[in-house]
Amino acid sequence: MDKRVIPTSAQEYVATLLQNKVAEPLSEDALKELARLYSLLTEGLNALDAFDLSRVEPAVGFVMAEADRNEG
Amino acid sequence: MKAEELAFTSIAELAPLIQRKEVSPVDVTRVHLDRIERLNGQFLAYLTVLKDEALAAARNAEHAIMRGQYRGPLHGIPIALKDLFAVKGVRLTCGSKILADHVADKDATVVTRLKQAGAMLLGKLNMHEFAWGGTSLNPHYGTPKNPWDLTRLPGGSSGGSAVATAAGLAMGTLGTDTGGSVRIPASLSGIVGLKPTYGRVSRFGVYPLSSSCDHVGPLARTVADAAVLLQAIAGPDPKDSSASHVTVPDYTSALKEDVRGLRLGVPQEYFFEDVEPAVRDGVYAAIQHLSSLGAVVEEVSIPSIQHVIASSTAIIAAEAYEVHAQTLKTRSQDYGSDVRTRLLLGACIQASQYLKAQRFRTLLRQEMLDILGRVDALVTPTTLIAASKIDEPIIHIGDKEFVVAAHIARATRPFNMTGLPTISVPCGFTPDGLPIGLQIIGRPFEETTVLHVAYAYEQSTPWHERHPTSHKEFL
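Line order of the protein sequences matches chains A and B.
Counting from 67, one number per residue, gives the positions in the first sequence under my numbering.
Counting from 15, one number per residue, gives the positions in the second sequence under my numbering.
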């Protein structure tokens, strides 16, 4: 993906989503930057579809498993 | 011992002198306070200096030691804390305008433990706002300066912690590491930074960035000092359910110089791509050196690691947004623009994306654990670049262009995702005189292994003996 191209849909998504989440409206430039970052991130996460993650447990559990481990 | 010499001696060297009553904790503290007063205006390492409190604690330490009540290697040692650790009655800014007047009403567990060990708190240290960045660029309090070159970044987010330690403004410090924030500034500032296993150190009273990636760790001038600091803060904590019950070993007993037969894995992908040539050469030389000491070095492969940045960004950003969601609704304009952007990126992440990233994280962790079943530790560069200029957000490596703020954490983030213990130890300098860091990664709760390898390397090389004292600003 060309990093300079920001899909309009991404910018619309970001603008809509953030409407009630910030004290002051974001500038056009800030929205564009967020849309660019979100598009890149989504592209990166979509690449994870190359793995079969359907049977893999989310890692949120490993942290508690470590805490519960007790060698004593 | 002269004042300058005292300021750059190690905790491990000074502690026996204090125990034998040959050096006074009050004198040690005064030396550091004098240096802070004289030099902090240039370095911007400290946000709050606890002069009276530190001197009072030093007097108490001295009286106790004179009465024969020596507590251990941190008794009478002045240290400092990144300004996201709560100290009761002391300002807690997190490097942000938003918390400029916030005063903590309790001590973080690690603060309680350091006080119990007899350490004196010199003050609170500058950082990347809310720890959400690897540079320590700070629009509110100014950017801390790298002591090896004041025009360059110290790295972050625990930038003030690294600067204070490297510049002799504290004997050791604590930082936090969510994507590399202890190891990056340690590497760029020429000191040791240790990120323990997830759950090894309590985070009670530590302002969170990303709950599943946050780690507390020490920054020190030597590996032995990092071991001493970790010893004081590690262990379970009823106030933090993520703090592990795994037995805390004696870390100083791990400090051995013999690495013969230890198996070290060098990942063949990712960590040596898009790396500055001087950094690559320094790290390869360090690996060769470990091999010459008798370590068995072999190539390993972590195929899925290429996807670590997207998945870790999704996790950290989503978790950080959850922490700041309410404040963004009322004071979004008071955040620095870079941190506001990163926080709002977290607001955009869907639950399905977050879970996908967490599933990938399990896969990556298992891949690394499988490799660590065959080797004792992994070795990589800590950062792929040396310290860059404060005013240059873009760097070039070969014919490629990189955003410093993103590229700086490329080699450290994988181990926040996997929770593995990781240390950065100085392994040389670029032709420009900038420090290079070697990263050593071990199995869960085997901090002893990474300390062992780091110590053996450190003790057989001269890098830890160099301090940035050649700059006239230090005299």
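No lab work stands behind these hints, which were simulated from the structure alone.
Please note that the accuracy of each hint is not assured.
[Said to hold, decoys possible] Derived DEER-like restraints, expressed as beta-carbon distance ranges:
no. : chain 1 : residue 1 : chain 2 : residue 2 : range
1   : B       : Pro252    : A       : Thr82     : 55 to 61 Å
2   : A       : Glu78     : B       : Pro317    : 34 to 40 Å
3   : A       : Thr82     : B       : Thr344    : 18 to 24 Å
4   : B       : Ser474    : A       : Pro91     : 54 to 60 Å
5   : A       : Thr82     : B       : Val310    : 26 to 32 Å
6   : B       : His116    : A       : Val126    : 27 to 33 Å
[Stated by the list, open to error] The list that follows gives simulated cross-link-like pairs (lysine-lysine, DSSO-like), each with its CA atoms no further than 30 Å apart:
no. : chain 1 : residue 1 : chain 2 : residue 2
7   : B       : Lys129    : B       : Lys270
8   : A       : Lys98     : B       : Lys102
9   : B       : Lys253    : B       : Lys270
10  : B       : Lys270    : A       : Lys87
Cβ coordinates follow ideal geometry from the N, Cα and C atoms, glycine included.
What are the numbers of the hints the structure violates, in ascending order? 1, 5, 8, 9, 10
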